[in-house]
Amino acid sequence: MGTAQIPSVREMWELSVPEMAFEYQPLLSTLLAVAAAHRARLVPHEAEELRRVQGGFIAQAIGGHRAETAKLAVSSRGAGVTETLCMNAILISLYTLACRMDGSAGGEGEYEPPNLWLNMARGVRTVVSMVYYRLVEERARIAPLLVARPVVHRGDVEVQDGGPKGSSGELRFLVDMLLGNEEEEEVMGVYVQCVGYLEGLLMAVRMGESGYDIRKRFSSFPSMVPGEFLGLVSERRPRALVILAYLFALVKGAEGVWWLRGIPEMEVRGIESILPEVWRGIMEWPVGVVMGVVDVNDEVVL
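If you read the sequence shown in the working numbering, its first letter stands for residue 890, the second for the next number, and so on.
No incorrect hints appear here.
Cβ pair distances, simulated, as ranges: (1) GLN914 x MET1077: 38 to 48 Å; (2) ARG940 x ARG1028: 32 to 42 Å; (3) GLU1173 x ARG955: 33 to 43 Å; (4) GLU900 x SER1162: 37 to 47 Å.
Since the hints were made in silico from the structure, they are not lab data. Idealized CB from N, CA, C, for every residue including glycine.
Please take these sequences and the hints and turn them into a complete structure.
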């Protein structure tokens, strides 16, 4: 959105998405909520009033979206999934992340992990993967976004397509350090896959991929890793939180869009604030990256 490098994707955001919004009320409500959130960032003295406005719009959007997605559970796979429904899922996910800066990360109280964003972002691939090939073949209006590299919405794309599986990569220590009896073999397998995705993202950052590409990889993390990871974050498992902190640190260099600006630092510092003391040393690298004192291209050293 906004800074897409590919002309067809930029045209989709500027022309096709507004057009689709007038065809599908939940998408129109989401777009208006996003617009209000954007203006609140641009004009801080209007922020309080705009939050009330966007709250009403997003409530309508989510209500309509849930009603439509509920129908999918009783229909054949892919039936009823439209390009407008898919786009609405994408924009709701973006909105839930952008609003983290408005105090939903804990405000004056204790930090709360981004559970809503993780779940909303995971839902995007669940919906899109049902109709990915149909939308591409039909040259749907959102097809430019779906086929633009890195491809993440296709159902057969797996974690290892993004880079090493974490077996011997630079971030493998996130799996191996501070092992405890409470972490079952199945849980450790989830962490291995998550670190594998981070390895791919780290590689992409160091290879100089565009900010647009890095943001797409970042936003796809919740849907590309095992669903169990979201539960581990919700339970505030330290290793899961640390992995999430590294994810946000890796997108720091691509935060040059309004909906992401400031979020990497806020999330990393928030995670650090709720971790047990024994895990603080592992947080030096992500904290250093978001604070601008560590270069992401330098080797990760504990």
